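*Asks:* Please build the complex by placing chain A on the supplied structure of chain W, with the hints as guidance.
As they're listed, the protein sequences go chains W and A.
Anchor point for the first sequence: position 75 equals 75 in our numbering, and the numbering is continuous, going up by one each time.
Anchor point for the second sequence: position 106 equals 254 in our numbering, and the numbering is continuous, going up by one each time.
Fair warning: there could be bad hints in the mix.
Here chain W is said to cover these stretches of chain A; the calculated rule only asks that three of the stretch's residues, wherever they fall, bring their Cβ under 8 Å from a Cβ of chain W [what the hints assert, rightly or not]:
(1) 178-185
(2) 189-200
(3) 204-214
(4) 217-226
Estimated spans, in silico, between C-beta atoms of each pair [stated by the list, open to error]:
(5) W/G53 <-> A/D177: 38 to 44 Å
(6) A/N160 <-> W/S64: 27 to 33 Å
(7) W/P142 <-> A/G214: 36 to 42 Å
Rather than coming from a laboratory, the hints here were simulated on the basis of the structure.
Note that the structure is a prediction, hence the values are computed from the model and not measured.
The beta carbon of each residue, even a glycine, is placed where N, CA and C say it ideally should be.
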Amino acid sequence: MDGRAKAIGVSNFLPEHLDRLLAETSVIPAVNQIELHPHLQQHAAREYHAEQGIATEAWSPLGSGKGLLEVPAIVAIAQKHGRTPAQIVLRWHLQLGNVVIPKSVTPSRIKENIEVFDFSLDTEDLAAISALNEDRRLGPDPATFESG
Amino acid sequence: MSSKVPPIILNNGVEMPQLGFGVWQVPDDEAERAVATALETGYRSIDTAAIYGNEEGTGKAIAASGVPREDLFVTTKLWNGDQGYESTPAPSTPPWRSSAWSTSTCI
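Chain W with its partners taken away, still in its complex shape:
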């Protein structure tokens, strides 16, 4: 290790992949980046990561524009707090302890997505979002993806 990388992480590793990594190498990745949002809450993966000391990082944290931000429960919480749906979902991630990396090329949204540290969701809000879980993937399934 020549010191150029501050930390090593993995992406789209399922618990069985992590088991193998941990068993066959001395490496415990610092981070596993997985698809994670209110429709795919990844309870088992997050729990496994926490047990192993691996940070969970969410890709498509806002549901990649496929309707998550229009879900009535999220819109309602947004109205309650005077925030945007994207801010509510990002705040949910943060309160779960997820690392989150929202993407936007729109300057107003880039700004909006980082303005999420001056309010918090209460237990009622968190429960409402928790109820949205459908274990539904929007992206490829790591169990079947052909990496080529």
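*Replies:* For chain A alone, coordinates are given in the frame of chain W:
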């Protein structure tokens, strides 16, 4: 590390901002502008990947931002076929890259 975003502590003691800026599916020419905006706004963590095709635009924005390297956390990712001790971190080496950032590489 910016005070705007609280850090989490990784299992090796390194601090990582809990919220960062992603550039997945952002074309290289747009990436430079988007990353510049993000850095101006206070983001101090950027998530890119060799396969996104925008490491160069991302790197240019970082270099031009004036943000000290030690204040930045940059994640880049290698595609499965490019991994391995000898080949990492080879994929693209524009001259500014090796000195512009320390990266967290995902395998």
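*Asks:* A separate judgement is required for each hint: does it hold in the structure or not?
*Replies:* Status of the hints after comparison with the structure:
1. Interface restraint, the stretch 178-185 of chain A with chain W: holds (4 residues with C-beta to C-beta distance below 8 Å; minimum three).
2. Only residues whose beta carbon comes within less than 8 Å of a beta carbon in chain W count, and the stretch 189-200 of chain A has 5; three or more means the coverage holds.
3. By the rule of at least three residues with a Cβ nearer than 8 Å to a Cβ of chain W, the coverage given for the stretch 204-214 of chain A is violated, with 0 such residues.
4. Judged by the Cβ-Cβ criterion of 8 Å, the stretch 217-226 of chain A is covered by chain W as claimed, because 3 of its residues qualify and three suffice.
5. At about 39 Å, the beta-carbon gap between W/G53 and A/D177 stays in the expected band of 38 to 44 Å.
6. At roughly 30 Å, the beta-carbon separation of A/N160 and W/S64 lies within the given 27 to 33 Å, and the hint holds.
7. At roughly 38 Å, the beta-carbon separation of W/P142 and A/G214 lies within the given 36 to 42 Å, and the hint holds.
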